[in-house]
Structures are given as C-alpha cells and as structure tokens.
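**Student:** Using the sequences provided together with the hints, build the complete structure.
If you read the sequences in order, they're chains A and B. In terms of our numbering, the first sequence has 87 at position 87, counting the first letter as 1, and numbering is strictly consecutive. In terms of our numbering, the second sequence has 245 at position 23, counting the first letter as 1, and numbering is strictly consecutive.
Keep in mind that the hints were calculated from the coordinates and are not lab data. Certain hints may be false.
Said to hold, decoys possible - Computed list of lysine to any residue pairs in SDA-like fashion (alpha-carbon distance at most 20 Å, straight line):
id, chain 1, residue 1, chain 2, residue 2
1, B, Lys434, B, Ser451
2, A, Lys210, A, Thr130
3, B, Lys308, A, Glu122
4, B, Lys308, A, Arg137
5, B, Lys252, B, Ile291
6, B, Lys312, B, Val292
7, A, Lys49, A, Glu61
8, B, Lys308, A, Leu134
9, B, Lys308, A, Lys210
10, B, Lys312, A, Glu122
11, B, Lys308, A, Gln133
12, B, Lys308, A, Thr130
13, B, Lys341, A, Thr130
14, A, Lys160, A, Pro171
15, A, Lys49, B, Lys296
16, B, Lys312, A, Gln133
17, B, Lys341, A, Gln133
18, B, Lys388, B, Gly251
19, B, Lys341, A, Lys215
20, B, Lys312, A, Lys49
21, B, Lys302, A, Ser47
22, A, Lys49, A, Met135
23, A, Lys145, B, Thr327
24, A, Lys145, A, Gly119
25, B, Lys341, A, Gln131
26, B, Lys312, B, Met421
27, B, Lys302, A, Ser121
28, B, Lys341, A, Phe132
29, A, Lys145, B, Met370
30, B, Lys344, A, Leu134
31, B, Lys302, A, Gln131
32, A, Lys215, B, Thr327
Predicted model only: the values in this text are computed from it and were never measured.
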Amino acid sequence: MYQWDFHTLWQYRNIIFIGFGYTLGYTVIVVVLGLLVGLIAGLCRLSPKAWISGPFRAYVELFRCTPVLVQLIWFYYALPILTGIELTPGMAAVLSLTLYGGAFYSEIIRGGVISIDAGQSEAGMALGMTQFQLMRRVVLPQAFKRMTPPLVSQSIMQLKNTSLLSVLAVPDLLYQGQIIAHDTYRPLEIYSLIAVLYFIILLPATILAKRLEVKMSDGREA
Amino acid sequence: MDGAMISISNLKKCFGDNIVLKDISLQVGKGSVVAMIGPSGSGKSTLLRCINLLTVPDSGVVDVGGQSIVFDGKKTALPKARDLAKFRSKTGMVFQHFNLFPHMTVQQNVMEGMVTVLKIPKQEARAAADALLQRVGLGDRADAYPGMLSGGQKQRVAIARALAMKPDVMLFDEATSALDPELVGEVLNVIRSLAADGMTMILVTHEIAFAKEVADQVIFMRDGVVVESGPPAVVIDNPAQEATRSFLSRFKNSGG
Chain A
1 MYQWDFHTLW
11 QYRNIIFIGF
21 GYTLGYTVIV
31 VVLGLLVGLI
41 AGLCRLSPKA
51 WISGPFRAYV
61 ELFRCTPVLV
71 QLIWFYYALP
81 ILTGIELTPG
91 MAAVLSLTLY
101 GGAFYSEIIR
111 GGVISIDAGQ
121 SEAGMALGMT
131 QFQLMRRVVL
141 PQAFKRMTPP
151 LVSQSIMQLK
161 NTSLLSVLAV
171 PDLLYQGQII
181 AHDTYRPLEI
191 YSLIAVLYFI
201 ILLPATILAK
211 RLEVKMSDGR
221 EA
Chain B
223 MDGAMISISN
233 LKKCFGDNIV
243 LKDISLQVGK
253 GSVVAMIGPS
263 GSGKSTLLRC
273 INLLTVPDSG
283 VVDVGGQSIV
293 FDGKKTALPK
303 ARDLAKFRSK
313 TGMVFQHFNL
323 FPHMTVQQNV
333 MEGMVTVLKI
343 PKQEARAAAD
353 ALLQRVGLGD
363 RADAYPGMLS
373 GGQKQRVAIA
383 RALAMKPDVM
393 LFDEATSALD
403 PELVGEVLNV
413 IRSLAADGMT
423 MILVTHEIAF
433 AKEVADQVIF
443 MRDGVVVESG
453 PPAVVIDNPA
463 QEATRSFLSR
473 FKNSGG
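**Tutor:** What follows is the structure, encoded as structure tokens:
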C-alpha cells in the first residue's frame, strides 16, 4: 500500500507559489494580446477586399491547423535560425500562445459579428454612420455579448496551454512540479497537487462561463 | 409644392441577371407624400433603398434636397463611403422590422444618430429625444429597452430615431407590414401627423386605404417599371392600366 506523503511538499511551497504566479502571469499576457490579435484578425477577415482578408485567413488556418506545442518549439528553436533573432523562452512562449489563441479568438469574433442581423447595420447606415461608427456603436456591443461565453472558454484553454511552457523551462506550475518531483521522488503527490491547483483556478472560470451563457440566452432582442 | 425635394432620373439596378429597376425617373415635390404600391418583387422597396443609397444603383442620378449623386455604371466612380454616409444622414428611413438597437434604451436609440453622426452634445440630444418621444406618444417609455415594447411602439420609436436627424425626407419601407392589425393604427397616426406637418415622405405600403387618404401621389410599380402614377383618386379609384386594376382588385374585398 502506497504511503501518501504531502508533508514533504510543504517545504516547496515557495517554488509552487512562483509557478502559480508564472502560470497566471503568462495567462493574462497571452489572453490580452491574443484578444487584441484576434480582434484585428477577425475584423480584417470580414473585409470584402481579398488582399486584406486573405492574409488573415492564411494566418488563422496556419495556426489552427498545427499543434500549439509544435508552434512553441518552432518559435523557440527554428525561428532564430531563420531570422538570426534569439528569443528567450518567455518571448517564444508569448509569441506562439498569443498567435495560437488569436487565431481561435478571431474566429469567435468574426462569427459574433456575422451573427448580428443585417438590419442593425442598415439602421446605422440609414442614420449616416460610417463603417467604423457602425462597428463601434451598434455591431460590436451586441456581438461582444454573444461572444463572451466562447471567449471565456477559449481563455480557459489558454491557461491550460501555458502548461506547455514547461517544455521550454519556463518555471510555470507544471515545470515547478517537475523540479519538485525530481527532488523528492514523490511524483504522485506533487503532480496530484498541480492538477488540483489547475482545477481550483479553472472551476470558478467555467462556472462563470456557464452563468454568462445562461444570462446571454435570455437577452432581449428588438 | 415648391420645387422637387427628390429627383430620380434614369435609375437602373440589377442583381445579377435580374433587372430590378428599369430606367426609373421620379420627382417628389417638397412636402408631398408619395405612396408606392405594387406586388412584391416589383422593385418598390429597392427603389426606396436607392433613394438613401442603402442599395447602390447601377446607373442614374439620385438627388435629395439639392444634393445629387451620379452613378455612371463604372465601379471606379462609386462615391466615397464617407460621402454616402453624409448623404444618408439627410434621409430618414423606417424599416419593416424596426431595426431598433436592442442594447440601447428607447431614449438612447433616438439620441444615437444625433450624438454619433451629428455630434450634438448629449444634454441637448437627450432633450431633443424626449421631445420626439413625446411627439410619437412614448414620452413615458424613454428608459425602456426595445425588447419590452410592442411592435407598434417599436415602430414609433424607429420613426422618432429617424426624425432626430432632421431629415429632408422620410422613407417608410412597409412600416406596418410586420405589425399585428390592432397596432397598425397608432403608427399610421404618427405618419398622418408628419404629413400634416409638411414632411416629404415616400411610403412603400400595402395599406391601400391609407395610401388613398394620406398620399398626394400614388405610384404603381410592377416588374421594375412605374406602370402608373398620379393622384390617388385616379390611380386607386380609376386606374388606366389593366395591371393596376388587377392588383387593386385583390384589396377590394379585404378592405385594404
């Protein structure tokens, strides 16, 4: 019978705490930057001009159809050979997760904008609004309401994807766990703890997403 | 009637192979009310949408309030988006399905064009919106959201929203077609009062009785052409064309 021993882990609390901080920090960065990239890519893909929408379509497909782990390793090991620019593990991580998340965010944003009834745009245009005013005042405020639940889900994915940073020796929660496992020969306890920590962060987030979904579904329509 | 407020010449519009408007010319005097009737697919809604350029004509000239835009059929000569937007702000449009902004209150809906397009200060716009809501009989619903209103109330808000731009003309695209019969009257009352105030209006409508009552001129369209136009006493009561007669006969029994 296996003897559980969580007491040994107590002395590593600072290491775990640092990992926790890295995981959350990187999540915030890649979510914010990813949303920005996604907004730009999503809106540009709606352009009727092919020379604007085309390159963004290529970007989205490229990043949706390759595994994020492959992208991460490619940015860290392959890109420097191509460009001569050395990336730190952190930079490679932010770059790949931002672009990967951005590709998915952009599809959510594009879908949200398309889902708004054409009559809304016509009403804004009839008032003399420019395309920009129409987006900002009429379409996006309504579209964002509908986009919020899938955007939250995608952001949850982003947090989970930060665990891949351990591959580049970024001291996130999982990487710190690996260090502790090597040190203590207690992988069962530490990896269980890591799993529980992810769960504790994400459960409230998924509950929030569910709540938002329910709230949206009884939204008023004109 | 002093001078033309709307002047359309040689307007053409195709959607693919389908010719929707075939060389339409039309004059609407200042302060006059024109009712456009005709079977669905006759091009009357497209014509209305060409007047505020929500649908861009293939060729022809559209002139509203002395501002004219020429379409010569070449893609390169399309007016700039900003010029189109400015042109549109001078015409008020009321849609069949209201198209109110659901995320804004009734008052904010009416303020939106004034604040965003005309750059009127919020205080001033709010006062103007309240006055307009009073005018359409909804002064007490300023803080309601569109989703809480009946169809007739929504359409009256939509009229107030269009009026807020102080347009030269008001265009009504089947403004009562989506309403329950008992709610049609309240919207027609508002349109009637606008006519009495001398607003230039074009109504695309199936309310033949109302067209007869309120319009100075009735236009009957079919297959992208104006078949017949003139005072309601002529076009509705004594149509010269067989096509007009056969269309109107369908309304005789239903009472319009």
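**Student:** If a hint holds in the structure, say so; if it doesn't, say that too.
**Tutor:** Each hint, compared with the structure:
Taken as a hint, the Lys434(B) and Ser451(B) pair is honoured in the structure, with Cα atoms around 13 Å apart against an allowance of 20 Å. At roughly 35 Å between alpha-carbon atoms, Lys210(A) and Thr130(A) are farther apart than 20 Å, so this suggested pair is violated. In summary, the hint linking Lys308(B) to Glu122(A) is supported, as the alpha carbons are separated by about 14 Å, within the 20 Å threshold. Distance hint between Lys308(B) and Arg137(A) is fulfilled; the C-alpha atoms sit about 17 Å from each other, no more than 20 Å.
With a C-alpha separation of about 19 Å, the suggested pair Lys252(B) and Ile291(B) falls inside the 20 Å cut-off, and the hint holds. A C-alpha spacing of about 17 Å is found between Lys312(B) and Val292(B), which places the hinted pair at or below 20 Å, so the restraint holds. Our distance criterion of 20 Å between C-alpha atoms is met by Lys49(A) and Glu61(A), whose separation comes to about 18 Å. About 14 Å separates the Cα atoms of Lys308(B) and Leu134(A), which keeps this hinted pair within 20 Å; it holds.
In summary, the hint linking Lys308(B) to Lys210(A) is not supported, as the alpha carbons are separated by about 43 Å, beyond the 20 Å threshold. Proposed proximity of Lys312(B) and Glu122(A) is supported: the alpha carbons are some 15 Å apart, at most 20 Å. For the hint linking Lys308(B) to Gln133(A), the alpha-carbon distance of about 13 Å falls within 20 Å, and the restraint holds. Distance check on the hinted pair: Lys308(B) and Thr130(A) sit about 9 Å apart at the alpha-carbon level, within 20 Å; holds.
Distance hint between Lys341(B) and Thr130(A) is fulfilled; the C-alpha atoms sit about 13 Å from each other, no more than 20 Å. About 15 Å separates the Cα atoms of Lys160(A) and Pro171(A), which keeps this hinted pair within 20 Å; it holds. For the hint linking Lys49(A) to Lys296(B), the alpha-carbon distance of about 18 Å falls within 20 Å, and the restraint holds. Restraint check for Lys312(B) and Gln133(A): the C-alpha separation of about 17 Å stays at or below 20 Å, so the hint holds.
A C-alpha spacing of about 12 Å is found between Lys341(B) and Gln133(A), which places the hinted pair at or below 20 Å, so the restraint holds. The straight-line distance between the Cα atoms of Lys388(B) and Gly251(B) is roughly 18 Å, inside the 20 Å bound, and the hint therefore holds. Under the criterion of a C-alpha separation no larger than 20 Å, the hint pairing Lys341(B) with Lys215(A) is inconsistent with the structure, at around 34 Å. Between Lys312(B) and Lys49(A), the direct Cα distance comes to roughly 28 Å. Violation of the 20 Å bound is thereby established for this hinted pair.
With a C-alpha separation of about 16 Å, the suggested pairing of Lys302(B) with Ser47(A) holds against the 20 Å cut-off. Distance hint between Lys49(A) and Met135(A) is fulfilled; the C-alpha atoms sit about 17 Å from each other, no more than 20 Å. Of the pairs offered as hints, the one joining Lys145(A) and Thr327(B) holds, with about 16 Å between alpha carbons and a cut-off of 20 Å not exceeded. Taken as a hint, the Lys145(A) and Gly119(A) pair is honoured in the structure, with Cα atoms around 18 Å apart against an allowance of 20 Å.
Taken as a hint, the Lys341(B) and Gln131(A) pair is honoured in the structure, with Cα atoms around 16 Å apart against an allowance of 20 Å. A C-alpha spacing of about 13 Å is found between Lys312(B) and Met421(B), which places the hinted pair at or below 20 Å, so the restraint holds. With a CA separation close to 18 Å, the supplied pair Lys302(B) and Ser121(A) stays within the 20 Å bound. With a C-alpha separation of about 15 Å, the suggested pairing of Lys341(B) with Phe132(A) holds against the 20 Å cut-off.
A threshold of 20 Å between alpha carbons decides the hint, and for Lys145(A) with Met370(B) the separation of about 19 Å falls inside it, so the pair holds. The hinted pair formed by Lys344(B) and Leu134(A) meets the criterion: a straight-line CA distance of about 19 Å does not exceed 20 Å. Pair hint Lys302(B) plus Gln131(A) holds up; C-alpha atoms about 12 Å apart against a cutoff of 20 Å. For the hint linking Lys215(A) to Thr327(B), the alpha-carbon distance of about 19 Å falls within 20 Å, and the restraint holds.
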